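A.B. asks: For chain R, the structure is supplied; the task is to place chain L on it using the hints.
Each chain, letter by letter, is given below.
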Amino acid sequence: DTAVSQTPKYLVTQMGNDKSIKCEQNLGHDTMYWYKQDSKKFLKIMFSYNNKELIINETVPNRFSPKSPDKAHLNLHINSLELGDSAVYFCASSLIGSPNTIYFGEGSWLTVV
Amino acid sequence: QKEVEQNSGPLSVPEGAIASLNCTYSDRGSQSFFWYRQYSGKSPELIMFIYSNGDKEDGRFTAQLNKASQYVSLLIRDSQPSDSATYLCAVGVTGGGADGLTFGKGTHLIIQP
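Those sequence lines, one after another, are chains R and L.
Quick note: the first sequence uses this note's numbering, first residue 1, plus one each step.
Quick note: the second sequence uses this note's numbering, first residue 1, plus one each step.
One chain only, chain L, in its complex shape:
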C-alpha cells in the first residue's frame, strides 16, 4: 500500500518568514515527487517537482528530496498572504506509464499578515 504522509496543520507562518512543509512516503520505488497548491474550491496546481536527491529552487520555492529517508519538503521563502492554501505532496512510482500520482492529505498553510 503506497502511502504519503503529511501533517494536516494548520501551519501558521508570519508574512515574510520561511514556511516549511514536510512529507514522507512509504514506497521506496517512488521516483518522482511533486508539490501541488490547492486554494479552497479550486483544482490542484503544480508548483514544484523533483526527481533527484538534493534541492531544486524555483523563485521563492525550494523542493528538497532525501530518498534514503523517504522525505520530501517544500520551503517557501518570503511568505505572502497569497501563499495561504493547502499544499499537497504527491509521489509517482515510475518514470513511465500511466500510474498517476499518490497524494498526501495536504497541509493547510496560513500566512499571517
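Same shape as in the complex, but just chain R:
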C-alpha cells in the first residue's frame, strides 16, 4: 500500500490548459504539503494544510489553487498553464509539529508544451 500516492504521475499538456493533480495519504497524518521541484532540482514548498486548513501559502501565482476535502487528501488545480509551470510536483504529509515524519509521494511530472 502506497503511503502517499499522487495521480497522475506524468502529465503533458498545452499552454493555457487547466489541470489537476490529486494526492492521498494513508499514514494517518494531519498535515499535507505541495512542493515544486524545478529543472535545477530546487525543491520549494508551495502550500501546507493542517486538518483541511491552509497554513502556508508561499509566493505562488493564484493560478495555483489547492483544495483539501479532508485531512487525507490534498489536490492541486492549476489554471492557464504556462511553460514555466513545467516541473515535478511532490505531495508530502506529516504529523503537525513533527517534521521528521514528512513523507513524500512519488511526484507528478508536469510538462507544459
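Keep in mind the hints are simulated off the structure, nothing from the lab.
Predicted model only: the values in this text are computed from it and were never measured.
Below are the DSBU-like pairs computed for lysine-lysine, each with C-alpha atoms no more than 35 Å apart in a straight line:
| id | chain 1 | residue 1 | chain 2 | residue 2 |
| --- | --- | --- | --- | --- |
| 1 | R | Lys52 | L | Lys42 |
| 2 | R | Lys67 | L | Lys42 |
| 3 | R | Lys36 | L | Lys105 |
| 4 | R | Lys41 | R | Lys71 |
| 5 | R | Lys22 | R | Lys40 |
| 6 | L | Lys42 | L | Lys105 |
C.D. replies: Chain L only, in chain R's frame:
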C-alpha cells in the same frame, strides 16, 4: 528570507572512502535539520535528522550540527556506489506547526567504484 546553501557538486568520492557533505543555513531560529537522499527520477527520502548540537550516528551515516556556525554536515562512511545520489539538506524553523521544510539545492554525490 530563509536560505539553505549547499555546494551543488558533483562531489566525487572513491568507493570505501568517507563522503562529507556540507550545508549552511541563514535563519538562526531554525530548530530541526534534515538530510534527504534523492535518486534520479525518485522522491526525496529522509536518511537523517538532528535537533541538537553535536553528532548523531545511524549506521554508516553521521549528521553533525553546529548552531553557532549555522552549519550542518553529513558524513557517509565506507561509501558504496549505491550512495550515488543527490543529497538535500533541509531546515525546519519551528518544532511545531505545519511550516514544512526549506531545502537547499542539493549536492550531487558520485561514488566511484
